[in-house]
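Asker: Listed here are the chains, written in short residue letters.
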Amino acid sequence: MTPRLGSLVGLIAIWWILSLGASPFGLPGPPAVFEAFVELIESGRLISALGVTLSSFAVGGLLAVLMGVPLGILMGFRPWVGRAVDPYLTALYVMPFSAIVPLLVLWFGIDEQVRIVFIFLFTLPQVAIVCYQGARRTPATLVEVARTYMASERQVFWKVLIPYEVPFIFTALRLGVGLAVQGMVVAELLIASLTGIGYLLEIAGATLDLATTLAIIIFIMVLGITAVAILQRIENSVAPWRHGVTIEGGGNA
Amino acid sequence: MPDAKIVLDGVRKAYRTRKRRDSFLGRLLPEPRPQTVEVLALDDLTFSVPEGRFVSIVGPSGCGKTTALRMMDGLVRADAGRVVVNGEPVTGPRPECGFIFQDFGLYPWRSVLDNVAFGLELRGIAREARYERARANIELVGLAGFERNFPHQLSGGMQQRVGIARTLTVEPEILLMDEPFGALDALTRRVMQFELVRILQARSGATSVFVTHDLDEAILLADTVIVMTARPGRVKEIVDVPFPREERGEPLIESAEFSELRHRLWKSLSEEQAARSASVRQSLSASRS
Numbered sequence: 000m001t002p003r004l005g006s007l008v009g010l011i012a013i014w015w016i017l018s019l020g021a022s023p024f025g026l027p028g029p030p031a032v033f034e035a036f037v038e039l040i041e042s043g044r045l046i047s048a049l050g051v052t053l054s055s056f057a058v059g060g061l062l063a064v065l066m067g068v069p070l071g072i073l074m075g076f077r078p079w080v081g082r083a084v085d086p087y088l089t090a091l092y093v094m095p096f097s098a099i100v101p102l103l104v105l106w107f108g109i110d111e112q113v114r115i116v117f118i119f120l121f122t123l124p125q126v127a128i129v130c131y132q133g134a135r136r137t138p139a140t141l142v143e144v145a146r147t148y149m150a151s152e153r154q155v156f157w158k159v160l161i162p163y164e165v166p167f168i169f170t171a172l173r174l175g176v177g178l179a180v181q182g183m184v185v186a187e188l189l190i191a192s193l194t195g196i197g198y199l200l201e202i203a204g205a206t207l208d209l210a211t212t213l214a215i216i217i218f219i220m221v222l223g224i225t226a227v228a229i230l231q232r233i234e235n236s237v238a239p240w241r242h243g244v245t246i247e248g249g250g251n252a
Numbered sequence: 000m001p002d003a004k005i006v007l008d009g010v011r012k013a014y015r016t017r018k019r020r021d022s023f024l025g026r027l028l029p030e031p032r033p034q035t036v037e038v039l040a041l042d043d044l045t046f047s048v049p050e051g052r053f054v055s056i057v058g059p060s061g062c063g064k065t066t067a068l069r070m071m072d073g074l075v076r077a078d079a080g081r082v083v084v085n086g087e088p089v090t091g092p093r094p095e096c097g098f099i100f101q102d103f104g105l106y107p108w109r110s111v112l113d114n115v116a117f118g119l120e121l122r123g124i125a126r127e128a129r130y131e132r133a134r135a136n137i138e139l140v141g142l143a144g145f146e147r148n149f150p151h152q153l154s155g156g157m158q159q160r161v162g163i164a165r166t167l168t169v170e171p172e173i174l175l176m177d178e179p180f181g182a183l184d185a186l187t188r189r190v191m192q193f194e195l196v197r198i199l200q201a202r203s204g205a206t207s208v209f210v211t212h213d214l215d216e217a218i219l220l221a222d223t224v225i226v227m228t229a230r231p232g233r234v235k236e237i238v239d240v241p242f243p244r245e246e247r248g249e250p251l252i253e254s255a256e257f258s259e260l261r262h263r264l265w266k267s268l269s270e271e272q273a274a275r276s277a278s279v280r281q282s283l284s285a286s287r288s
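Chains as they are written, first to last, in numbering that gives the first Met the number 0: chain A, 0 to 252; chain B, 0 to 288.
If you are wondering where the hints come from, they were derived from the structure by calculation, not from laboratory data.
Glycine included, C-beta positions come from ideal geometry on N, C-alpha and C.
Coverage of chain B stretches by chain A, computed from C-beta distances (three or more under 8 Å per stretch; other residues unrestricted):
#1 93 to 103
#2 114 to 128
Here's a subset of chain B near chain A, in silico, CB distances under 10 Å, partners left out:
#3 109
#4 110
#5 162
Construct the entire structure; sequences and hints are all you get.
Answerer: Right, here's the structure in full:
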């Protein structure tokens, strides 16, 4: 048995044992949660909610990556851009998001638009900061080597900076997926909506249907883990050299 | 000197660093003028390297020998004086110069083959043509069979072999080497010294400048050794190495003549090292008072 499978079996076993001693309103056991999950699938509620949620998740997350990655790289490549933009990214990063929900609702309503904006704002700063760190730390020697071979600025950018940046981009993507998932659920819980995973969670919570609540949470976690694992696979095949270099910063680098 | 490949004439270079105020109060007070400390790295450095010669530069640490080398490839600008390569003043990196770095400077995401072909790739040479030339040089440095490996899979000595092959592949007329074996262990270093002798014999004709701390290496490789003074660096003496190139090898290092020359250079160098230590002590005690 692999360590991963072992830890999973152990965790489920502990959960099961704990649930046996608890009342159904305390901690539902794995069978109850599984049943709730089957019900969610069969009724089609989960799938339709997922469709709604994933579309705002995908659009918001994608926008954050599409803007955050180039922004971070540009900030590292042109230090004056970095100095100009860095404080605002930090400001966005430290801002308590639940506090600005009323503003966002005022500006963007309560439908898909506001969820997209929320996920975007939630994800953007970290994605950009990770890419910025990578581009900024490109070892001076690697740039200098290219210069001794008469590299143009363009060549330095495409043949040194960007390849060096690839692992950081992947780190940013992995980070981005996690953040976008969080942002998506938070957005749906905070912004009263009548669709989406957050709405399902709210209904389940309000009716004290703990089994369904747990089923949804576990489902979201599995989705996130899968997405991160796929990204890791892609990274390993695109940037195998990364195992040999130590890269500081950037979350799980 | 009409056949001088490289000329440094009255070169001067100072590094400026801003001095921090020492006390908390001092930092709060308005400063009339930001205090900068100027460290003179090179002052009136003058020498020339004739075509086809191999020149080693030795000097106490901090004497600016690496700075001087970097100036020859336009990586650093001189504050005053002239740096001339092939009769032209140096304003930036030049195609006829190849630079070998102490920390190798290999691209971790490129295979050995793609690292070695890098210079030609930048020049827009087609893939097959550049791989062909790269392979020949990989073989020359003794790495045949490692073309598809990545740098992190190689030892330090092998990595510098890749660095040397990469530089040779652009066929530079001038090789500028900045302590290329400085990051290697003693044994590997010795092996690489003989390897460089062998490689350069296969590629005769290049003009070489080699910066090092290691006197054995300086003598073994060079036709001429330039000893620099402690900071600010200038030429202290220029010593010709009398041994013919064919004899550069293990027996030479063991010979009495070699020891004698090494001893002479060592004395010259240790005087400068002592001068440097004295000046460091002086500046330390000055800053304390």
